[in-house]
Amino acid sequence: MKEELIVSGKNIPEIYPVLHLWHWEISLYLFLGGLAGGVLFFAAYFYITGKEKQMQATVKWATLIAPLALIIGLSSLLYDLHHKLYFWRLFTTVRIDSPMSWGAWTLLIIFPISLIWVGSYMKEMFPGWDWKWKVLNWFEALVIKYRLALAWVMLFLSIILAVYTGILLSAFNARPLWNVSILGPLFLVSGFSTGLASAMWISNDKHERKVLSTIDIFFILTELFFIIHLFMGFWAGTQVKLEALRLFMGGQFTLDFWIFVVLLGLLFPVTLEILELIGYHVPKWIPALFILFGGLMFRFVMVDAGQITRFLY
Amino acid sequence: MKTRREFIKISTAGVGAAAIGLQALKGKGFKWFPEKFSGDPVSNEDLTPYPTYCEVCFWKCAGYTYVDKKGKIRKIVGNPNDPNSNGRLCPRGTGGIGMYYDEDRLKTPLIRETRKDGSQYFRRASWDEALDKIANKMKEIKEKYGPEAFGFFHHGTPGGHLAHLMKAYGSETDAEPAYAQCRGPRSAAYYATYGSYIGSPECTDIRDTRCLVLIGSHIGENMHNTQVQEMSMAIDQKATIITVDPRFSTPAAKSKYWLPIKPSTDIALLMAWIHVLIYEDIYNKDFVKKYTFGFDQLKEHVKDMTPEWAYGITTIEPDLIRRTAREMAGHAPAVVIHPGRHVVWYGDDTQRERAMGILTGLLGAWGYRGSLYIPEAMEIPKFPQPPYPETKWNWKDLNEGRFPLATMGITTEIIRASVPKYNYKHKVKAWLSAGTNLPLSMPDKPLFKEAVQSIEFFAVIDTMPMEVTGYADVVLPEATYLERYDFIRAAQNRYPSIALRMPAVKPKYESKPAWWIVKQIGERLGLHDYFNYDDYSEVLDWQFKQVGTSLEEMKKIGVKTFPRTSGPLYLDDYENFEFNTNTGKVELYSTEFESAGFNPFPVYKPHPEPPQNFYRLIYGRAPMHTFSRTQNNHNLWDLMKQNTVWVHPSVANLWSLKNGEKVWLKNQDGALTDFSVEVRVTERIRWDSVYMVHGFGHSDKKLTRAYGRGASDEKMITHYAMDPIMGGTGMRVNFVTFLKEDPYKNKKEDKG
Amino acid sequence: MRYAMAVDTNKCVGCADCVVACQTENLVPNGYCRDWIVENVEGAYPSLDMKFQSERCNHCENAPCVRCCPTGASHIVEGGIVLVTHDECIGCGACIESCPYDARYVHPEGYVDKCTFCIHRVDKGENPACVDVCPTYCLHFGDLDDPNSEVSKAMKDRSWYVLAPEAGTNPQIYFLR
Ligand SMILES: Nc1nc2c(c(=O)[nH]1)N[C@H]1C(S)=C(S)[C@@H](COP(=O)(O)OP(=O)(O)OC[C@H]3O[C@@H](n4cnc5c(=O)[nH]c(N)nc54)[C@H](O)[C@@H]3O)O[C@H]1N2
Ligand SMILES: Nc1nc2c(c(=O)[nH]1)N[C@H]1C(S)=C(S)[C@@H](COP(=O)(O)OP(=O)(O)OC[C@H]3O[C@@H](n4cnc5c(=O)[nH]c(N)nc54)[C@H](O)[C@@H]3O)O[C@H]1N2
Ligand code: SF4
Ligand code: SF4
Ligand code: SF4
Ligand code: SF4
Ligand code: SF4
Ligand SMILES: [Mo]
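Protein chains in written order, with the numbering used here: chain A, 728 to 1040; chain B, 3 to 754; chain C, 654 to 830.
Think of the hints as simulated: they come from the structure by calculation, not from any bench. Nothing here was measured: the structure is a model prediction, and the numbers come from that model. It cannot be assumed that every hint is accurate.
Here are the simulated DSS-like pairs of lysine-lysine, each with C-alpha atoms no more than 30 Å apart in a straight line [unchecked claim]:
no., chain 1, residue 1, chain 2, residue 2
1, A, 968, C, 704
2, B, 258, C, 809
3, B, 423, B, 668
4, B, 557, B, 384
5, A, 968, B, 423
Beyond 12 Å from chain A on every Cβ pair, some chain C residues (computed) [as the list claims (entries may be wrong)]:
no., residue
6, 655
7, 680
8, 695
9, 736
10, 772
11, 776
12, 790
13, 796
14, 803
15, 806
16, 811
17, 830
Ideal Cβ placement from N, Cα and C applies to all residues, glycine included.
Construct the complete structure from the given sequences, taking the supplied hints into account.
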């Protein structure tokens, strides 16, 4: 028999017996970051590829979600800070080593960009819209003129944003579940998939939806592939990685992960999307809703489970 | 039926249930800030040190209380010149600060009142009223029955003040659990064998020993400071440690040999060791020849007590018994056979202690470097006072010839003498107590309850609303040791030393020091001449001046040490040393025991075994708590909030108990623990016993942190084995079993 | 200069004196701690092995908590002591997530706190509070680069281990066997 017990001290509920410091705020923040990244990426992408007209919902309407998601995500992060009044300290320094730092900066930049993007389409989306001030009208014209450049910047930043949501976690060497390089790409595809789902839901254009869901099928399959890859990595890993794997294979996150994330959040919607592609009629909101739900659950599970894993010393 | 003195569990007058609920909630939360300590750590130069000596246990380590500029106590740190602490306090001493800050402290005097419906409660009272009430009762008892009928219980420094008052009043009917529930057997045994006591701090030269033998003593859990420090030095010196304990104790883990003895069989092991030393001819011949009496009889006595014989009793392999005996012999005389301290185990404890004394004698491990040294303490002259009045009878007469070798009052005897049905010749009619929590330190709770309801009056001086205060008619709140002057500490050690305790801050709430309390009562009784001072500092200054220092100097240095005057530390340096026994020798054969009608040699007798499905309850200390006094101290509560019941995996298996599972315990007499206790499944304990840390399971709701946490070993100790020699109450004679269902689910039981 | 601590597990009795001393010295609020005690028991009755470890921030040479801090509140000072500047810390918890030893906690006042090696004492040439209180003298502190320091002397001729070396943090609390 082997006993290891903390006999004194450390009765801090957030830390002992397992770390549980980050709660729903962080999960939500990561989810919304990925979602905004996805939305903005596809808007920029279809604009750059000149599909603005065919992909109206994606390029214009869906982007309304981005600033909203970003502001909720940021508030959620702010809410989670324990020393809230000092949050401005984030922006007095740039820390290359700290994903948290460059995430904060990325958000700081991409948030106004998303606003500008949405702003530049206001008149198209809402006929009769008036900016009231002259300077705004002047600015609008300028943006529309250089929209292509803006799209490129947005494309670039949205990738960083979506990858960042994964890298934030994967940079934590101390948490074996998180500390895997696949996490960045995994969060990227998952975030993009939620972005696509949002656009799909909004779009009333059958053709647009078909394009989107074709891409989404690809993303979901990639995501599934990455998940298998992730687990294979654990399987081949050290003791602590195996412990991490065990959380999903009979451990306390087994149900949450396999039922909610994989089955309901990935397999079910991807099946529906494929069915639709081959001609069955599926209400558009069903796959979209499940994808969004799965994406959110995925982040909850990862944030919670990751904190439990640690080096067994 | 309503009893006359029901235990008062609810807070003072009229505070409703809501308030209690809230308090309980507060106690459970993690973010408990008794005081918001905002700020940065500061260096010692920004703090003012006030000398003190610690009262969290009775080792009395000296140190300084550091107070910051705002008048807050920041920390308590040992005094480097103090031989008891060497500048380092134990966790309890370091955490003693929580005694002062505890918001549950007694705040005002309290007087018991009865409502119309017969229920009882405490009412806040003024000091004058409370003191008058006690003084009047004392007068009344004196008139009706004589002052001797006023019994008193005490422990620690407040107890000393109380004893002074009571002796001046005319009563020596006193006892402390620190005798008959603690070290009494050791005193009787070593006095009979060596003509001197072991004393406190124990005169064990662990620092320089080559071999430390711990029979039950769990140094490292028992945090008596200097011993812990010296055990560590002994480890550095690569000394051999031999631990005899049914549990893999902390020192067992540091031992070369761990002898996992079957509980209650230690005498057999000791006799077998003696057998090996004698029959392998490896005892210390010089010492035995020069200093001992009765070797030949001893040799004859232990003839058949071979390791093989002991194996059948103790479950310790003969080979291991032989090897450990040889190891001791190899290091003799630099061997410490630790005499233990809490030694009331099985009722034959004085004889076990005798066996330890004899073993020590055979090794010559007395009066040599690395064995037991010859301690010395400072004599402090008494502040001028008239002699105490003669008493018609005292604690000794109460015993009516039983327990002839007792040197102090026996708690259970005073308690029994308070119950009419036992019909003692001398009857006890009222009690006073200070610094002792009888309901949690005495065996046989039903007896205590019966006694406390039989007496006419009970007053308690305490700092906390402990269980004992719940039975009192008058409760007096004492200031903590950090807020008061007290006696000079004149501890024995390798050389004499004295230490000052002075207030670092003003007493909180309406609390008052014990010296003041007893003076006030004394004045009311017309005993002014015994309290001929306004402030205790006058007494201290006078006494300090008698020994060549002053209060002023002591306030700076805290501790003063003196050279020895009684003679050398070790035997070698004496011309010829005579032991203070009947024969002037170390009595391997005890003439004193013989003339008192006891066996001059220890003999192993079997003790009752646990019935089926029951396990022997053994108990001990946790390093961060003292008895029942520290569980509510927020600093120490932080370190350990509850005790657990240790269970061997095979037992856990049998009962399908899981680690951390909550169970209730029931003993052989059907007594139940008040609260559930978590199971700790561990290899560190034998399968025939379970282990608990003593002091938990508080039943007084006013202890908001400690209430209901863990289980009380005391509740399971309804049975005890009286030591006929000196009246010790052997308490490891109870057997418990597990209840997995809440036994209180369907009934409202009187807890407490 | 390289400050470090050596913990002699042969002598530690797990009494937690180091924990209370730290709490009072550094005003650690009740319910929190900067150091803690782990009890390790191995084997089966009656051949058992047990050791106590007094643990705290390892003042890692390669400190992930410092790297991941977005504000620079977590930083390393002269002698390798890892510190948190309270009014630069936003309480984001990234450093807590990054520490393999769970050595940090969120102070109820909002910032993240942890062992400072008692820098306010060390700067004055004193030992940390936990070192000076330990009744078994099993904690040794000092400059590893100085062969005459307490810690260097304690580690000489002794074998030692560090916690979770596989985490690659290069801890500076050494446990003597
Ligand atoms: N079941 C069981 N019983 C035991 C033991 C055991 O291990 N198990 N151990 C035995 C031993 S070895 C001993 S020595 C005895 C000790 O038994 P007690 O002498 O009863 O010791 P404590 O339980 O510490 O009780 C101390 C009481 O003093 C109060 N007190 C603390 N400081 C002060 C102060 O400054 N002033 C005043 N007026 N009061 C103060 C506390 O609040 C508490 O009520 O218990 C014995 N009884
Ligand atoms: N932290 C802390 N330290 C204290 C105190 C405290 O309250 N807290 N109290 C102080 C006081 S007043 C006293 S008297 C001392 C008491 O301290 P000790 O004198 O060391 O106490 P014991 O009760 O002899 O020792 C308890 C040990 O005896 C073992 N044991 C149980 N039954 C048997 C048996 O049959 N045979 C043998 N060989 N061992 C057995 C238990 O497993 C346990 O390890 O502690 C002192 N030090
Ligand atoms: S041993 Fe600890 S509790 Fe006892 S007097 Fe010394 S410091 Fe205080
Ligand atoms: S104070 Fe010393 S002996 Fe006690 S737990 Fe801490 S390191 Fe160990
Ligand atoms: S132990 Fe943790 S907090 Fe301390 S330096 Fe290392 S990583 Fe940072
Ligand atoms: S909680 Fe404070 S110290 Fe930790 S990473 Fe965030 S800002 Fe830095
Ligand atoms: S070095 Fe100082 S801050 Fe760190 S654990 Fe020890 S006492 Fe606490
Ligand atoms: Mo005791």
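Exercise. What are the numbers of the hints that this structure violates, sorted from low to high?
Worked result: 5, 8
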